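Sequence order for the protein chains is A and B.
Under UniProt numbering, the first residue of the first sequence is numbered 1, with each subsequent residue one higher.
Under UniProt numbering, the first residue of the second sequence is numbered 1, with each subsequent residue one higher.
Calculated from the structure, these hints are not laboratory results.
Errors might be hidden in some of the hints.
Stated by the list, open to error - As a list, the in silico EDC-like pairs of lysine to aspartate or glutamate whose alpha-carbon atoms are at most 20 Å apart:
| no. | chain 1 | residue 1 | chain 2 | residue 2 |
| --- | --- | --- | --- | --- |
| 1 | A | K271 | B | E57 |
| 2 | B | K210 | B | E290 |
| 3 | A | K271 | B | E81 |
As the structure is a prediction and not an experimental result, all values here were calculated from the model.
What follows is the residue order along each chain.
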Amino acid sequence: MIGVELRKLMLRPRNWLTLLLLCLLPFIVAVFLSVSQLAPPPGQGGAFLSAVLSNGELYPAAALAMVLPIFLPLSVAVTAGDSIAGEAGTGTLRYLLIRPVGRVRLLIAKLVALAVFVVVAIVLVAVTALITGVTLFGGGAEAVGQPGAVTSLSGAALSSDDLALRLLAAIGYIVVSMLGFGVIALFASTFTESSLGAALIALAVLITSSVLETLDAATPVKPYLPTHYWLAWIDFFRDPVFWRSIDSGLLLQAGYIVVLFAASWANFATKDITS
Amino acid sequence: MIKTHGLTKRYGRTLAVDGVDLDVRPGDRYGFLGPNGSGKTTMVRMLLGLVYATSGEIEVLGEPVPRRVHRVLPRIGALVEGPAAYPHLSGRRNLKLLDAAGPGGPRRTRKSRVEDALAAVGLSGVDSRPVRAYSLGMRQRLGLASALLRKPELLILDEPTNGLDPRGIHEIRDLLIQLNEAGTTVFLSSHLLAEVEQLCTRVGVVDKGKLVLQDELTAVRTPTGRVLVDSPDPAAAVALLDGRLEHRDGSRLVVRHDDPAALNAQLVGGGVRVAGITEQRRTLEEVVLEVTTSSADRIDGASRPGAAP
Chain A
1 MIGVELRKLM
11 LRPRNWLTLL
21 LLCLLPFIVA
31 VFLSVSQLAP
41 PPGQGGAFLS
51 AVLSNGELYP
61 AAALAMVLPI
71 FLPLSVAVTA
81 GDSIAGEAGT
91 GTLRYLLIRP
101 VGRVRLLIAK
111 LVALAVFVVV
121 AIVLVAVTAL
131 ITGVTLFGGG
141 AEAVGQPGAV
151 TSLSGAALSS
161 DDLALRLLAA
171 IGYIVVSMLG
181 FGVIALFAST
191 FTESSLGAAL
201 IALAVLITSS
211 VLETLDAATP
221 VKPYLPTHYW
231 LAWIDFFRDP
241 VFWRSIDSGL
251 LLQAGYIVVL
261 FAASWANFAT
271 KDITS
Chain B
1 MIKTHGLTKR
11 YGRTLAVDGV
21 DLDVRPGDRY
31 GFLGPNGSGK
41 TTMVRMLLGL
51 VYATSGEIEV
61 LGEPVPRRVH
71 RVLPRIGALV
81 EGPAAYPHLS
91 GRRNLKLLDA
101 AGPGGPRRTR
111 KSRVEDALAA
121 VGLSGVDSRP
131 VRAYSLGMRQ
141 RLGLASALLR
151 KPELLILDEP
161 TNGLDPRGIH
171 EIRDLLIQLN
181 EAGTTVFLSS
191 HLLAEVEQLC
201 TRVGVVDKGK
211 LVLQDELTAV
221 RTPTGRVLVD
231 SPDPAAAVAL
241 LDGRLEHRDG
251 SRLVVRHDDP
261 AALNAQLVGG
271 GVRVAGITEQ
281 RRTLEEVVLE
291 VTTSSADRID
301 GASRPGAAP
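Just chain B, with the same shape it has in the complex:
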């Protein structure tokens, strides 16, 4: 779906993207994670032919970009760095103009395309007030509607839940999963770990323009070698575990053990009731913090000589 090789973008003396080899497969829900300013948006813009790479190759939907980007773009829906619309026109009018601006699709079915897209993002009842009067969440939904307008095979979404409330985020997540199950590949760029963790099947982590990690989400979240046990008989459990207990918080125990099934059998065999048992996995946050350095929008002063380390 998306393949890049040694993709590099230099703005003057700053290296925004540095030798990225991206690999998004058909059917993926790919989460492109990285701190603010790590080059995510530049990356997205290069995939869409808005920004030209300094070096490296891009292939999207089997075609080289930017050379044949005009053949790729009609099959892509995208949201780049926030939604945008003509503020003095209504959302409907904006979508109609956008639909008319590009190739494909007869004029006669334009209205139904626009209504379908609005309904998909939950804006079907929107009136004729201008976009200027829309809330941030409504603008975000309108932006998503414009991405969905052409029923794309590939969705490239940069921070799609920006400005949405928790319910809105949930709706959009459901929508994306539903589209993905119907065959749309979703490439989502975000700095929100929770969003990616709940939605994506594959992740790529970028830091200072470099891709530092790219794998299946389940593979990234490796077991920590600990099992979380919830038991109404904590004291009996502690006695049985003898020394493998790492931490106890009321009825919740953290046990050093590789196999939750075996541990469960041992506990139940010893007459301990078990209310819940799960293998502890590393959270995406731990993984990301481990592979990334500081946030690019943090600017520390130069360390003073003689200051405490």
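In isolation and in its complexed conformation, chain A is listed as follows:
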């Protein structure tokens, strides 16, 4: 069933469009930066953007920082929201279930397919950004008139290998964050026949969470908000790596994944399929 879900993911033109758009945004920003040579001053603008002009190898991190707040969660919400609700909407859900595909198996296959989509999306953004960055800004030792190494956020120099390792860790962290958010949409998806409705619910959670994040009055609940630790991946680029937020973030997202997947299962397995 997982293979079938992956094939469906691949055969859907909309998913390719989503990936294309995700990769396009950092590319457009890179073109503007390289033409104007006007980087935002350090401490302003997107994370890492001030440093990319001196070393393109840092551009994947900057690209991830660009798509993470809205664009990436949006595409995750649309894809995850479509998982069960989309099948219900086209009527194919009943035919899958009488094929028969067990309801739990279907839900697991949908979650795995979602995870694959998230990994592919993030890796693709990182890889295209790396190519763009190195081509437009030059990378490592080749960067003209600049010290070869990237400076970490804490000031110490990072070698290319070290940077790659940190980037991989950051990608892994973002994947987990997005899955924690995706299960919200998956959960909503088991309640409705409208994939748009399910995506909307997840986005409403995202926006509520972001708004509460800026509110002092909401301090007691902040550590439990799904978006609270999303930016902790930046800590991978400190020297030494600042683990505290990363650990809390991983724990929180794991909690979201376990609880909401169990809730989706409980709802979906006992539900009358009337679509």
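Based on these hints, arrange chain B on the given structure of chain A.
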């Protein structure tokens, strides 16, 4: 094949299915008839484990449903409330995905299974255009193909000829009879009397969630005690019948008589030529109208006081 006992489904305050005792035997072509909204689709969904019953028991192919539905479903092909497919993929691709999704059958023979199913429903020449571009009839055929994909022992079909033209309906009927003769039990739910009358050997009639009739089609269609006679000598026949004639329309006579053979002998003995003679039986329509109440999709206003009855 299918046995239910006191099957009941309640949606909130509405009683969709009410104490149904269904009995479909192996080899039947069973027609499940009922007006729109009488609970047919809910019934079909319960048989397939899509909807859970409020109370009552279901046994399909000897196994309890929904508890062991996973063992029953691989032996069933079904069409529930219209066909469905991924609109951006071709019919072939849809069938291949469906085949791969469930258990049984090696990957190596998948292509031949898909081609067999497409050929059975008359879609073998279909090209790679997406299902989005299919006509209603083509979608219906594709839905039937997916039901036939696994060569099932039991076919549960909800409105299978929906959207087909007369020729298509005829083809599908022939296909179902052919499959039935090869051993497949067919359970067909429909609101189309003619469809059931021409295809089925047994009927169940449901009304407002209750099974109001279940019997062999021939037993349901009881004789009315009249014989239809077609004669080139109507006047001579009328004279001979003396008073048993009920109605005359040109050369066609409706005669009150229990035995067409005896009547035929009497007419021929009296020198009347007989071109055709048949026993009149109640039509399925008459039977169904008698046992069912109003159509569920008809919504009358509350009767006004003082209005003419």
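Each hint, compared with the structure:
{"no.": "1", "hint": "K271(A) <-> E57(B)", "result": "18 Å, holds"}
{"no.": "2", "hint": "K210(B) <-> E290(B)", "result": "15 Å, holds"}
{"no.": "3", "hint": "K271(A) <-> E81(B)", "result": "18 Å, holds"}
The structure shown violates none of the earlier numbered hints.
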